[in-house]
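Hey, can you piece these two chains together into the complex? The hints should help.
From first to last, the protein sequence lines are chains Y and V.
For the first sequence, this note's numbering gives the first residue as 1, with consecutive numbering after it.
For the second sequence, this note's numbering gives the first residue as 1, with consecutive numbering after it.
Worth flagging that the hints you see were computed from the coordinates, not collected in a lab.
One should not assume that every hint holds.
What follows is a list of derived Cβ distance ranges for each label pair [claimed, not checked]:
no., chain 1, residue 1, chain 2, residue 2, range
1, Y, Trp195, V, Val178, 44 to 54 Å
2, V, Arg121, Y, Leu215, 37 to 47 Å
3, V, Glu65, Y, Asp181, 18 to 28 Å
4, V, Gly69, Y, Phe278, 52 to 62 Å
5, V, Arg121, Y, Pro83, 45 to 55 Å
6, V, Val30, Y, Leu84, 41 to 51 Å
On the chain Y side, residues computed to face chain V include the following (Cβ under 7 Å) [claimed, not checked]:
no., residue
7, Gly42
8, Asn44
9, Phe46
10, Gly50
11, Ala182
12, Ala186
13, Lys188
14, Ile189
15, Asp190
16, Gly191
17, Trp195
Cβ coordinates follow ideal geometry from the N, Cα and C atoms, glycine included.
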Amino acid sequence: MATKTQNPKAWLFVLPVVALVAFNALIPLMTVVNYSVQETFGDNVFFWEGVKWFEQVLHSERFHASLLRQLMFTSIILTIEVPLGVAIALSMPKKGVGVSVCLVLMALPLLIPWNVVGAMWNIFALPDIGLLGRMINGLGIDYNFTQQPGAAWFTTVMMDVWHWTSLVVLLAYAGLRSIPDAYYQAAKIDGATPWAVFRFIQLPKMKRVLTIAILLRFMDSFMIYTEPFVLTGGGPGNTTTFLSIDLVKIALGQFDLGPAAAMSLIYFLIVLLLCWIFYTLMMRHEAQ
Amino acid sequence: MSEISLRELRHSYLETPQTDADWALKKMSVDWSEGGAYALLGPSGCGKTTLLNIISGLLTPTEGEVWFGDRNVTDIPPDQRNIAQVFQFPVVYDTMTVYENLCFPLRNRGIPAADVDRKVREIATMLDLDEMLPRRASGLTADGKQKISLGRGLVRSDVNVIMFDEPLTVIDPHLKWVLRSKLKELHQRIGTTMIYVTHDQTEALTFADQVVVMHEGTVVQIGTPVDLFERPRHTFVGHFIGSPGMNVLPCEIENGTPFFAGRPVPVGHSIAYRDGTERLEIGVRPEFISFAADGIPVEIVKVSDAGRYSIVDARHGAHVIKLLVPEGESLPADGAHIHFDPGHTQVYADGWMVN
Ligand SMILES: Nc1ncnc2c1ncn2[C@@H]1O[C@H](COP(=O)(O)OP(=O)(O)OP(=O)(O)O)[C@@H](O)[C@H]1O
Ligand SMILES: [Mg+2]
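Chain V extracted, bound-state conformation (with noise of 0.2 Å):
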């Protein structure tokens, strides 16, 4: 096991890019620390495969190294690497039995076969595979045949990471809920770092210590779940992570102030903000935002219920704010104005959190 980094990376599918958005991955430079348990989270087409495969060596990157530890294995090729990949679609070998198949990435690297009996049984054990062992796989249903895909991926041990590329699509909820749980207790058994990919945020926050949030080729932030809760560094962090995601409403800076609507919006931390910026925004989410005596006026358009707390659409002029009001907590009358938690508001300048 080591540390995984990737430097400077870029990647594009094509001979010559020319444009920016001819790069699948823009330029980046991510460490993944030995032992962790990662999601990448990101919308389809995000570049999250394209990631995962540049870490496993089945795409060699257009620019840029990767390092396991101390060793450049950016040419070196995947069986190589000694890590293990769950791919997205599920993968069996058809004319072999579930065993077969569980055995197969151990015997392919000749491991004794006691060590692979033993090895096998226990993962099958893990994912409910047991009475199915002598099965022949062409006969399973979707998920059984995503189980073993699974398996094949987890039977390894002393990988330098497992990568799972939305490994529980075709999985019914229940049971994705049961096999993630399960995973994340395999994490915590053997301490393999694990990169996760998904485009679900319950998924990942359930599943990772750090979410790495992909967007457009890019990584646009790392953190912990609160971190990206509490301070997305973009506002696609902000709409992406949560239900319903960040408010995000245009603004003025004048001496540091923000301003939205003509009126002055504490913010908690101090803006470094330089000029020049084409865009500028406030962020600020719905959990953040409470009714108050005075601020900004507001009209009340929707309220929808969502259990613990009623959603509410409020509207000053062209803009829709949304806020969360708990449960059994009554809505202000005519003339409501919102209030801005200052702690919890950034602004934001073409995109990208001002601090």
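In isolation and in its complexed conformation, chain Y is listed as follows (with noise of 0.2 Å):
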């Protein structure tokens, strides 16, 4: 084994990190914990509620309610994302201009700041005057996204698709291209039907990326706020108030600020042990 060069100068480099994450993450973070125990009527004047709040939180079925429509919103999404992303990644072309093309267009939705996106839906799928909701409306099919849960999920659905399904193209499209021409060639000469391809050269060297990709639409997609809450304000009723803008309301709607801060942190835990969870079932399985 190499030996490790030991410089404690070194630790004066990561200071303004350090002091950087303090101020932008922990304080903030610290102020959050210091709410989730605590009850306030203003003032600046606390009372000592221990884990009252946390137990309020985790026993409400409001919260059960919108975390389970959370999972459901994000297992949706990722379904068709990502097997959607790699689709249109196979199908773009490898060479000529076609690739600057693609991709300028892939990049396009990823460009709009996500307010936009929710504003932009919203008067698109609007029954009345929207494209797309005078069209299905056309079709014989009674949609209204602003009265019924169905249309509501499927807009904020085919919203989410259709802004971030690119991010998973360009990741996938990427890690193609790093596969060398050779494997393709012997892939011919082995005889390989095109779906093995796929499966024993495509997949496997895709996989990194895919790794990343699906983290990042996971943690995205599961702290999502900006969007639905233009589109439907998360209703009709809450059935499209996920546990951003279920927070938001709690916090900013009642100012309940113990709950609120208690919620935030379970989130926060919630994104946390998921992602941990994710991370180590995709590299234990990398190691095999």
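In structure tokens form, the structure reads like this:
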């Protein structure tokens, strides 16, 4: 084994980052922790409450419902976006001007601010004047996303797929481009079917980037706020009230800072835990 | 199995080739006889891989046809040509075990499981891979991967041709030697046509019955190792094969006799030399030059010991001529002369041998 060089001065260089992280992550987080164990009625007067808010949140049906909605939403968009993104990446051209055209087209949705995406889809899907809304109704299907939970879900999912599949496409495409030609040539000589080429060459080579894509999409969709907020405002009723929307409702709508803080922490731990499980599973598979 | 013939073949990677240099392969017609052990020898970039890929069908030639026996396969995809090819860079299917890797080409062709197993184990033994069969291929070292790559080319019996594109580049010299003799052995046993690409002359000469020498997209000579050594058809072959390579010296021809530095150089075979060539040269290998009482006067400039003989650099005017002197033989003192063996001295016009 190589011997490691020890140089305590290195810590000096890490210091700025530590300070930065402290200011933009640790200190805000600690305020949240502070709120989560106390009750306040303003004027900076606090009463110690212990784990009361945590118990309350964990037992609240409202929280369970939002969490379930959130999990459903995330699973749905992952099951659509990952295979779809891979499929699009596979069918993209490998050389010529087509490559840049496709890449630019793919990057476009990613460049649009989230609230604009929400607003766009809101108008796009309006049953009376929106292109999509009119079209679906024109097909004889009764569609009104502001009133029907199913339609609201459908629109929200479509919006997310439209906005974020590109990310999967770009990552998967990068993975595909890194496969040397020799692999495809060998597969041809070995008489491999297109499916076998996908299964034994393309998929394994894309695994790393797909892991990253899935992780990113998981975290992002689990914390989704702006787009559904602009599109449906969490409605109709509570049917598209995902965790973060619910959190904002509690914190800013009802000004229940204690429960909101406790919920934030639980939310944060769930994301962390799921990411950890997911990452560990992927890496364990890799190591085999 | 069948004879492979390339007819009026020409290939360019460009859409619209303009100059001569745009052609990766210049017009050629080559026949590879059934059951031959060929080496395809040439420097980097001369078109060896291109030629293999055309034979295997990975590339469709810009012009010309590829025939396997009496079948024109020019437009037939690789998997239907019944050929095996081992690539320059090892390709392994990472997620499979070594065993599955070797099975892959057989299973894809629907061969019964029992035959697959028998064949795979046989090849694994030959390549010394038995122990590794259950291991995942991704964890292997570079030479392990190259062996798998090689193995996948060898597991199929009854192919028209097995082509190896510098299959042993990342393998260390000793193992390289072992594997090469195993390939040779396999060839003698199964008698399948084999084409072995290399840019290493020793590798080519030890493996092949016939060596195909390529240079800048042209096949310059096809012949046995002895042919290449004794009668290089092109000065390039003379340079490229043998170490040190052939001496190539400018000459003039008068009345059918070549003159070097104003002296006639006797040449064994008659010279059917036509006027009008740009560049005339004589070529003679260091092995066929000796010191003599008279001949071309030279000055010895360098002597390097190469074991059983010494390589002597002798200078005449601006020309340095290399010759081999067997170990133990003394070098002449001042006023040395050298003599070319007429039977092994050739005249080259524009690089090509005149005969
Ligand atoms: N895919 C390609 N596109 C364009 N030009 C190519 C391509 N492949 C090879 N060439 C060119 O064709 C010529 C012959 O290449 P080729 O790979 O056949 O040489 P080689 O003899 O196999 O060389 P090496 O010993 O380095 O493998 C080279 O000039 C190379 O630059
Ligand atoms: Mg090559």
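Which hint numbers doesn't this structure obey? Violated hints: 1, 5, 7, 8, 9, 10 and 17; rest satisfied.
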